[in-house]
Amino acid sequence: MNVNDTFDIRGETHIEVYKFRGGSIFVAAALALVLQALLPVYFPKAALLDFPLLVTIYFGLSRRNPSSGLLLGTLIGLLQDSLSHAPLGLYGIAKTIVGYTASSIGARLDTEHPAARFALTVIFFALQQFVVGLTERLLLAHSGALFSTRVAIAAGVNGIIGVLLYFVLDRLRKS
Amino acid sequence: MVAIPSRHKSLVLLAGVILIQVLALAIQIKARAAQVDQTGVIRGWTVGFVSPFERTGAWTVEKVRGAWDHYFALSDTAKENERLREENQSLKLQVNDLQTKAEEGGRLAALLEFRQSHREIKMIPARVIGTSAEPASQVVYVDRGARDGIKKDMGVITPDGVVGKVSEVYGSAAQILLLSDKESGVGAMLADSRIQSPVGGMGEPLLNMKYVAADDEVKTGERVVTSGMDRIFPKDLPVGTVVEVKPGMPFKKIRVRPAANLERLEEVIILPSLESFEMMKTPAGPEDSAKAPAEMPKQPESAKSAGAERQAERKPARVRKPPERIPQETKPATPANPETPAQQQSKPDQPVVQPQNQPPTPQPQAKPNEPNTGPQR
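From first to last, the protein sequence lines are chains A and B. With the first letter of the first sequence counted as 1, position 165 gets the number 165 in this note's numbering; the numbers rise by one all the way through. With the first letter of the second sequence counted as 1, position 247 gets the number 247 in this note's numbering; the numbers rise by one all the way through.
Next comes chain B alone, as it looks inside the complex (with noise of 0.2 angstroms):
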């Protein structure tokens, strides 16, 4: 057997470590494309590890916060006026205390108004006690976990919007995707035009309209919202605001500012299922579910597509294509474009053409870590 001389081990054991990582990512994103989870056993006990201390941190800074509002604050009305030292002393904690109280009442307000607009509706408030440790990845960690009955891809919002979706669950906590990150990705529509295309995140504070022609017209300042095709988000919550439109072929490139403000998150609602929402808006029934389409806004081809786009949202490492001509007699039956090469055929002064406002057709033979941020062309 051949030794290796002692100053070249350490050499051969990064090598060796380098290599087994490789292989390891390798096989997780071999496991992420079949939606197969193998490291969860392993970051659910260093999760369960790390919010021990996440939580007494938590508990820390608002005892310290509390301490330094209710007393250190103080000192500089004690130098004043001693003889009203007292009184004063005595007003401003009261003072601060109420301010904190109404700061919190505020929120709490906020987060009632909308539980109260939404009565049926089950929701779970939950409070941020972590983000994520790498600042490549935008994640949070709430307090409420599978013991709550929380389950992975459920919406979390705040009464400003979106927020993300739950991305892993652990006994007492849970992990959010937030919008920004790059694998996230919601169905949303353009409040006013009614255009719909995802809006993923880039790593960055602002968010990507992906899917929106270049034909279409967008201005800055239009409200973004969820569009409900995702199966996640009710219809017409905010999503945010179009801040930038650049020209772009075939698509407009279009950034969004979030509607919630995701780098400061202390309180959210996790949306527990979609179907809650909608028994509200829609009494249950067949004959409510066959008058719905009629109900529906006039976008026959977006409902078509409804099933593409929530695959698409919830593998976002799908590969999609640009609408483009495809030939009748190799175009295959997708859930985009259900009818088959011969219903096709029966209609031939139709052009086979995608919609333009449609996010294209995920193409399955694609390779599954291929970037979402943009059709191949």
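One chain only, chain A, in its complex shape (with noise of 0.2 angstroms):
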């Protein structure tokens, strides 16, 4: 049995939901923004990275809670794309199915293990490119490939920093 699992009255198991420091959820998706516009100037290989998805997926599979996931994707999509040129909703819509896909996988089986968390992060990354890709054909017109060899590496280097990430991000909790 997990250390993190507990017992309801009835008797069966279910994995624990996590709770956050006040503000926590919201400080950690601002700086994944500023930090997502401010580190490719310098290192432009950073541009691989998605802080904004690694933060929804965290938070998803943390809180496990479906609405308030795909609710917090949507934020983060939404002001993701308000600092683009894109049209609001393109990342938004993305990261909102991120979010309810994360917390209802969340629900379901154990990710705190790290490799369990790579994988993860490896396929929702996927998944978004994948959304975007299909709501720009359909929506903008656009006729750019659903997959490539960089969305591949991308996904690869975002499981790899996610793991990372989500060690500093579990100092977050409430024990």
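One thing to keep in mind: the hints can contain errors.
Here are the simulated SDA-like pairs of lysine to any residue, each with C-alpha atoms no more than 20 angstroms apart in a straight line [stated by the list, open to error]:
1) B/9 / A/67
2) B/246 / B/272
3) B/30 / A/137
4) A/45 / B/128
5) B/9 / A/104
6) A/45 / B/58
7) B/151 / B/45
8) B/9 / A/71
9) B/92 / B/104
10) B/9 / A/105
11) B/63 / A/39
12) B/151 / B/127
13) A/45 / B/57
14) B/101 / B/151
15) B/30 / A/139
Cβ-Cβ distance ranges computed for the label pairs, FRET-style [stated by the list, open to error]:
16) A/20 / B/247: 57 to 65 angstroms
17) A/21 / B/117: 56 to 64 angstroms
18) A/113 / B/20: 30 to 38 angstroms
19) B/49 / A/138: 26 to 34 angstroms
20) B/267 / A/114: 51 to 59 angstroms
21) B/108 / A/113: 46 to 54 angstroms
Treat the hints as calculated values from the structure; they're not laboratory data. In this text, a Cβ means the ideal position worked out from N, Cα and C, and glycines have one as well.
Combine both chains into one complex, guided by the hints.
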């Protein structure tokens, strides 16, 4: 049994829902946006990273509440859109779906192991790119590829950085 | 009223949130087609929130760089020779300081040289303080805004070449749409053959030269410069170099490496208006303006299509059709073809074919958000 598991009165196993220090979710989301905008100026390769996505995935997996997960994803995605030239909603929709899916998976699986976190981050990154690509095709009539080598590399890099970042974000949990 | 089971509530919420965003996207697309920005307030708030942090971040990075260059980089020298340590430290500090100053001086000298070679033109230097928060969008933010006189659609360059144009303006910051963005474009021409065609971004490091006819000769390594037709950039500024030419019908597939290093921008120059360039090149006056067409390169059809090209570049989502024979009785008068059907009928010997070197006429009835990646067949 996992150390985070608890029992309810019916004797069924539940995965623990984590609480965070007040305001820490919003501070982390804001910091992710600022980092996303600032880092590529000095380190162009950092454009591969998607800190807002990593924050969405982490809080989705930890909070395990699909409603709050999707709303957080929506908020972060729309803020990310508003810092770009793209129409509002492009990344909003993608991160809404990622937030919802992460919360739903987090409520069913143990996602504390680094390998699970890495795999989920890679999958969610690919899912986001797929949703963005699909939205661009259907609504904006762009004709880019839905998946590419660059996306695969970026998914792997985000997976590695995500695992490290999640360890830092674990410190924000209420004990 | 039908009650929703609690386990389905989040699913209903998901569907609702996505539906709202899809509708919002559709409204924005329609508004963009009409060139109305309905999201300026939200974007302004977000940029207003983020830009102070970006400024602080930029300041911190500069200080850390300075501290690293002036102190930590000298630790190895101290270990090598204790006796000469203090002297070495002092000298290395000076060398580091001078190197930093020399690098900065080099960059500023390039800017100054460019500035002095275009003395009559008003230029606004700006520092890059941030980038787009999403990888699909190729934009950067600079520390100049409406308070410094920056306006939308102003051209942005470096001494190396064209960078992009101002896409949004805020109080003390502005968003620059880089040339490599999918929605970006610049009126350009090949430096040697003077063949004109817009150059646009593809969301990748390389650019795309869109409408060079299949039978035109283009060589790898040929320089691409601005044509001046978009009224944003002056003529003959470097845009890039042709790195790949592939055959295609009806247009070649040409990839261009940008002249400016778009991935590492730290300082840029914003051009307030193209008119100042023209004032420098040709003194204003009715006589000069009357002479101007005769002094232009031999591209009368290009000049005719200038309005069409400009429109197409500012509204990149419009569909362009390839050159094709159009029946005389149905051919409308367009900016690229200002003759009316009646005028065309007076010249029965001339085939009604659009020039091959020209980008085809934008079709106003096309869907506003069709991709600008090529003509429809």
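Verification of the hints:
1. A distance of roughly 8 angstroms separates the Cα atoms of residue 9 of chain B and residue 67 of chain A; the hinted pair therefore holds under the 20 angstroms criterion.
2. Only pairs whose Cα atoms come within 20 angstroms are accepted, and residue 246 of chain B paired with residue 272 of chain B is rejected, the gap being roughly 37 angstroms.
3. Restraint check: the Cα-Cα separation between residue 30 of chain B and residue 137 of chain A comes to about 16 angstroms, which is no more than 20 angstroms; the hinted pair holds.
4. Of the pairs offered as hints, the one joining residue 45 of chain A and residue 128 of chain B holds, with about 17 angstroms between alpha carbons and a cut-off of 20 angstroms not exceeded.
5. Of the pairs offered as hints, the one joining residue 9 of chain B and residue 104 of chain A holds, with about 13 angstroms between alpha carbons and a cut-off of 20 angstroms not exceeded.
6. A hinted pair counts as satisfied when its Cα atoms are at most 20 angstroms apart, and residue 45 of chain A with residue 58 of chain B qualifies at roughly 17 angstroms.
7. Among the hinted pairs, residue 151 of chain B with residue 45 of chain B is consistent with the structure: their alpha-carbon atoms are about 18 angstroms apart, no more than 20 angstroms.
8. Restraint check for residue 9 of chain B and residue 71 of chain A: satisfied, since their Cα atoms lie roughly 13 angstroms apart, inside the 20 angstroms limit.
9. Our distance criterion of 20 angstroms between C-alpha atoms is met by residue 92 of chain B and residue 104 of chain B, whose separation comes to about 18 angstroms.
10. For the hint linking residue 9 of chain B to residue 105 of chain A, the alpha-carbon distance of about 16 angstroms falls within 20 angstroms, and the restraint holds.
11. Straight-line distance between C-alpha atoms of residue 63 of chain B and residue 39 of chain A comes to about 15 angstroms, which keeps the hinted pair within the 20 angstroms bound.
12. The hinted pair formed by residue 151 of chain B and residue 127 of chain B meets the criterion: a straight-line CA distance of about 16 angstroms does not exceed 20 angstroms.
13. With a C-alpha separation of about 18 angstroms, the suggested pairing of residue 45 of chain A with residue 57 of chain B holds against the 20 angstroms cut-off.
14. Only pairs whose Cα atoms come within 20 angstroms are accepted, and residue 101 of chain B paired with residue 151 of chain B is rejected, the gap being roughly 32 angstroms.
15. Pair hint residue 30 of chain B plus residue 139 of chain A holds up; C-alpha atoms about 11 angstroms apart against a cutoff of 20 angstroms.
16. Distance hint check: the CB atoms of residue 20 of chain A and residue 247 of chain B are about 58 angstroms apart, consistent with the given range 57 to 65 angstroms.
17. Between residue 21 of chain A and residue 117 of chain B the beta carbons are some 57 angstroms apart, a value that agrees with the proposed interval 56 to 64 angstroms.
18. At about 36 angstroms, the CB distance of residue 113 of chain A to residue 20 of chain B agrees with the hint of 30 to 38 angstroms.
19. For the hinted restraint 26 to 34 angstroms between residue 49 of chain B and residue 138 of chain A, the CB-CB distance of approximately 31 angstroms keeps it satisfied.
20. For the pair residue 267 of chain B and residue 114 of chain A, the supplied restraint of 51 to 59 angstroms is violated, since their beta-carbon distance comes to about 42 angstroms.
21. Taking the beta carbon of each, residue 108 of chain B and residue 113 of chain A are about 52 angstroms apart, inside 46 to 54 angstroms as hinted.
Checked against the numbered hints given earlier, the structure breaks hints 2, 14 and 20 and satisfies all the rest.
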